[in-house]
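Peer 1: These are the residues of each chain, in order.
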Amino acid sequence: QKEVEQNSGPLSVPEGAIASLNCTYSDRVSQSFFWYRQYSGKSPELIMSIYSNGDKEDGRFTAQLNKASQYVSLLIRDSQPSDSATYLCASDQTGANNLFFGTGTRLTVIP
Amino acid sequence: NAGVTQTPKFQVLKTGQSMTLQCAQDMNHNSMYWYRQDPGMGLRLIYYSASEGTTDKGEVPNGYNVSRLNKREFSLRLESAAPSQTSVYFCASLGNSNQPQHFGDGTRLSIL
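Line order of the protein sequences matches chains X and E. For the first sequence, the working numbering assigns the number 1 to the initial residue and increments by one for each residue that follows. For the second sequence, the working numbering assigns the number 112 to the initial residue and increments by one for each residue that follows.
Treat the hints as calculated values from the structure; they're not laboratory data. We put the CB at the ideal spot given by N, CA and C, even for glycine. Hints may contain errors.
Ranges between beta-carbon positions, derived for each pair [as the list claims (entries may be wrong)]: (1) X:81 / E:121: 27 to 35 Å; (2) X:42 / E:176: 25 to 33 Å; (3) E:152 / X:108: 17 to 25 Å.
Examples of chain X residues toward chain E, derived with CB under 10 Å [said to hold, decoys possible]: (4) 7; (5) 18; (6) 80; (7) 98; (8) 109.
With the C-beta cut set under 7 Å, the calculated list includes, among others, these residues of chain X facing chain E [claimed, not checked]: (9) 17; (10) 50; (11) 52; (12) 101; (13) 102; (14) 108; (15) 111.
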């Protein structure tokens with residue numbers, strides 16, 4: 001069964017700390033991975049995409065992909081209260097742009 | 112969200128009623144998608160359309176039908192609504208491979 005799994009949390013970190021969000025996937029053919037942020041009552045918005053092994057950095061966000069271990073993670077440095085949201089991991093498991101989403105990890109940054 | 116417009120934003124139905132959720136995008140994207148989001152379940156794909164004139168089933172298509180009316184519009188129809196279809200429905204569109212899907216603001220649907 002094709003699955004994307006995330007710890008649902010909640011994850012709480014103090015302001016200024018590093019938040020680490022993790023995701024595992026079951027389908028070895030997955031090539032594309034995405035992290036979406038979703039504020040309560042709002043639609044998902046893309047914050048990071050990653051396609052190859054290693055790290056990809058964008059501002060305070062770093063996505064990490066390890067295809068051999070089938071996990072993808074998101075690090076948020078210098079966490080801010082405005083980062084408090086649910087973070088959704090998604091993979092394109094069919095290669096046809098059809099995303100499979102995890103259930104999301106709810107992050108709370110405590111001022 | 113700029114580019115993908117969903118109507119209505121909220122709707123309450125009675126069991127057995129029918130309804131069509133509308134979605135339109137102005138980004139000239141080929142692919143469009145309908146998801147539902149339930150608490151603790153994440154986003155699940157209902158139907159998608161890779162191009163104008165084509166539609167395919169996703170993970171949870173039962174109880175739904177779709178129409179890709181033209182390149183801009185992709186509608187989702189509930190023929191006989193059931194309480195299990197109470198959910199938040201999101202429409203999304205995609206231009207090219209490996210690009211992010213753009214989501215609409217969602218339709219919050221309650222079925223009594």
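Peer 1: Does each hint fit the structure? Answer for all of them.
Peer 2: Verification of the hints:
{"no.": "1", "hint": "X:81 / E:121: 27 to 35 Å", "in the structure": "holds (28 Å)"}
{"no.": "2", "hint": "X:42 / E:176: 25 to 33 Å", "in the structure": "holds (27 Å)"}
{"no.": "3", "hint": "E:152 / X:108: 17 to 25 Å", "in the structure": "holds (21 Å)"}
{"no.": "4", "hint": "7", "in the structure": "violated (13 Å)"}
{"no.": "5", "hint": "18", "in the structure": "violated (24 Å)"}
{"no.": "6", "hint": "80", "in the structure": "violated (22 Å)"}
{"no.": "7", "hint": "98", "in the structure": "holds (6 Å)"}
{"no.": "8", "hint": "109", "in the structure": "violated (22 Å)"}
{"no.": "9", "hint": "17", "in the structure": "violated (26 Å)"}
{"no.": "10", "hint": "50", "in the structure": "violated (10 Å)"}
{"no.": "11", "hint": "52", "in the structure": "violated (11 Å)"}
{"no.": "12", "hint": "101", "in the structure": "holds (4 Å)"}
{"no.": "13", "hint": "102", "in the structure": "holds (6 Å)"}
{"no.": "14", "hint": "108", "in the structure": "violated (17 Å)"}
{"no.": "15", "hint": "111", "in the structure": "violated (27 Å)"}
Violated hints, listed in ascending order, are 4, 5, 6, 8, 9, 10, 11, 14, 15; each of the other numbered hints is respected by the structure.
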